[in-house]
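Generate coordinates for the entire structure from the input sequences, incorporating the hints supplied.
Residue numbers (the numbering used here), protein chains in the order written: chain H, 1 to 255; chain X, 1 to 330.
Hint data in this document are derived by calculation from the structure and do not stem from the laboratory. Built from N, CA and C at the ideal position, the CB exists for glycine as well. There may be inaccurate statements among the hints.
[Said to hold, decoys possible] Straight-line distance between alpha carbons at most 35 Å, and here's what the computed DSBU-like set of lysine-lysine pairs gives: (1) K135/X / K208/X; (2) K208/X / K2/H; (3) K2/H / K132/X; (4) K13/H / K208/X; (5) K13/H / K2/H; (6) K74/X / K94/H; (7) K74/X / K228/H.
[To be verified] From the derived model, a few chain H residues whose C-beta atoms are all more than 10 Å from chain X: (8) M52; (9) G71; (10) M102; (11) L127; (12) I156; (13) K174; (14) Q176; (15) L192.
[What the hints assert, rightly or not] What follows is a set of in silico ranges between Cβ atoms, one per label pair, in the way DEER data are often shown: (16) F239/H / N68/X: 28 to 38 Å; (17) Y11/X / R246/H: 46 to 56 Å; (18) F238/H / D124/X: 42 to 52 Å; (19) D108/X / F239/H: 36 to 46 Å; (20) W109/H / D108/X: 50 to 60 Å; (21) K2/H / R126/X: 22 to 32 Å.
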Amino acid sequence: MKNVWIICRKELKSYFASPIAYLLMAFFALIFGFGFFTATRDFVRFGFMAQMQGRDMPMSVNEQVIRPLLGFASTVALFLIPMITMRLFAEEKKSGTIELLMTSPVRDWEIILGKWLGALLLYLCVLGMSAINIALLFAFGKPDWKPILVGYLGLILQGGTLLAIGAFISTTTKNQIIAGGVTFFVCLLLWLLSWFTAFDSSGYGQVVNYLSIVTHFEGFAKGVLDSKDVIFYLSMIFFGLFITSRSMESLRWRA
Amino acid sequence: MIKVEGLTKRYARTVAVNNISFEVEKGQIVGFLGPNGAGKTTTMRILTCFLPPTAGTATVAGFDVLENPHEVKKRIGYLPETPPLYPEMEVSEYLTFVGRLKGISSADIARRVGEVEERCAIGDVRNKLISKLSKGYRQRVGLAQAIIHNPDVLILDEPTAGLDPKQIIETRELIKHLAGDHTIILSTHILPEVEHSCQRVVIINQGKLVATDSVENLTNRLRGAESVAIEVASSNGPLEPHEVQQRLEQVSGVSRVLPREAREGRLSFEVESLSGRHIRPELARAVVNAGWNLNELRAVGLSLEEIFLQLTGSEKKNAEPADAEKEVIA
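Printed below as a string of structure tokens:
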């Protein structure tokens, strides 16, 4: 485990030594801020309208602001994750430093886990930007904190899944652009799967629908912690890291 | 320390290393010699557990590279052809990272980093970004990285490639200093390097072992006969080349005289001796006795370079390359 931490720290340092970490954080803060602005503006307008019409409408910050915002964040993450994972292995393969890692007394899974954790920590930093907005909600309102926590857990699990898949794709090429592009395409595909089968209730459609990253996030956004979804994400993370380790081993045999 | 037996590495279409066997004893410096693409890097990568062999075995310090890679890796320091550096790190930071990765405890790491920085003369750049370093410094940082955990075995893939002459000398000195505590394999296609720093040579060509012996033995065995360059000038009147050549041929122990150059009353020849004969004193006497001036007399000798060319080039000339190999190895 010590080695995992050494590699993880190195990855994080690399992210923060280049502009990429700051760019991603700034980009996310901006987009999320825009989403937050729109969501709260609509919420306030809705409140005014309800008052003017004299009707007693049920209003909930959790339901009407936070839930759509979490869904929005999960979509934005799809675009950010390829930028986080593309360099993970591709860069090391290109510069030859992979040779250093693979000839050090470190096991493959330690390298992979370390890199994945490093990427996940960066992703957490990026997500952390949204805490500013959520803090504002707490300052001026009384949202329930438990569903928010569940929502963030969902974001982390979904991010972890996509990061694991991105890590795998990064092991397959020396070219960061290709790694990023393919990862983006795969993320998009996993996202769109639920659209393709929205009206398909056959067994086949259900399977495809199940594989969609988004369908499993909906529960988390609502604040519902369903073990089925947690297991889906955890098993996807495991699967992603597993194929990464297979791919790394094949590097040795093909190289 | 290192034992390689029947090592073979096959890629999809080519055989990079073909049935190589050799042994390296503790504390030796072994030069791994061969033209580009001979299979040097592949062999080294197998020894460092970066690549698995297709067939055969390799053991380092008694541990098999396939069965016990973890133990092998602990005992090996490896400098690949391009030093594996992270440009965004500072030198000390990088060495600390590598040291930790190689299993140095956090209590010892600062001391070790300081030691290797001093040893490789990179103390003055310790707080610089690696991306800002010159090629020579990068190479030295690469070397520092390889020795940081004080490994039993050092594997250096062309450690002096791309350095300027001064840096090459410094690097060679450094490698010589490292010998003794470490067993070193270094690959190169530059021959003087082997003559300077190695005790033993392993020559491979097109994936096959061509020769393995100590540097002296190899030069002696292949040299045998002496080769001497001689320049003769006339003291009075023009020289008759034919006459001079005849005169030289009469010296005892001379097997062959080859005219090289003739201009303005100066003639130069290359004289080859019979095996095991020293002909220089006799030659000098013969020239002086004939009343000519002796301008130059110098042993040419077969350098390792020529031996190398003979060994690696012989396959094309020989109808049976296998025979050529046997001759050398036997």
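Here is what the structure says about each hint:
For the hint linking K135/X to K208/X, the alpha-carbon distance of about 32 Å falls within 35 Å, and the restraint holds. Note on K208/X and K2/H: the hinted pairing is violated, with a Cα-Cα distance of about 42 Å set against a maximum of 35 Å. Annotation: proposed proximity of K2/H to K132/X holds, straight-line Cα distance about 30 Å (limit 35 Å). Simply put, K13/H and K208/X have alpha-carbon atoms about 44 Å apart, too far for the 35 Å limit, and the pair is violated.
Between K13/H and K2/H, the direct Cα distance comes to roughly 17 Å. Compliance with the 35 Å bound is thereby established for this hinted pair. Restraint check for K74/X and K94/H: satisfied, since their Cα atoms lie roughly 25 Å apart, inside the 35 Å limit. Among the hinted pairs, K74/X with K228/H is inconsistent with the structure: their alpha-carbon atoms are about 43 Å apart, more than 35 Å. For M52/H, the non-interface assignment is confirmed: its Cβ lies about 58 Å from the closest Cβ of chain X, beyond the 10 Å cut-off.
Interface exclusion of G71/H from chain X stands, the closest Cβ pair being 35 Å apart, more than 10 Å. Not every CB of chain X is more than 10 Å from the CB of M102/H (nearest about 5 Å), against its label as outside the interface. Against chain X, the non-interface label of L127/H holds: every CB pair exceeds 10 Å, the least being about 24 Å. No beta-carbon of chain X comes within 10 Å of the beta-carbon of I156/H; the shortest separation is about 27 Å.
Listed as outside the interface, K174/H is consistent with that label: its C-beta sits roughly 13 Å from the nearest C-beta of chain X, beyond the 10 Å cut-off. The claim that Q176/H is not at the interface with chain X holds, since no C-beta of that chain comes within 10 Å of its own (minimum 14 Å). Remark: the non-interface label on L192/H is consistent with the geometry, its nearest Cβ contact in chain X lying 36 Å away (cut-off 10 Å). Range check, F239/H to N68/X: Cβ separation about 30 Å, and the 28 to 38 Å hint holds.
Here the CB-CB span from Y11/X to R246/H is close to 20 Å, at odds with the stated 46 to 56 Å. Separation of F238/H from D124/X is about 48 Å and conforms to the stated range, judged on CB atoms against 42 to 52 Å. With their beta carbons about 39 Å apart, D108/X and F239/H fall inside the hinted range of 36 to 46 Å. For the hinted restraint 50 to 60 Å between W109/H and D108/X, the CB-CB distance of approximately 26 Å leaves it violated.
Here the CB-CB span from K2/H to R126/X is close to 25 Å, well matched to the stated 22 to 32 Å.
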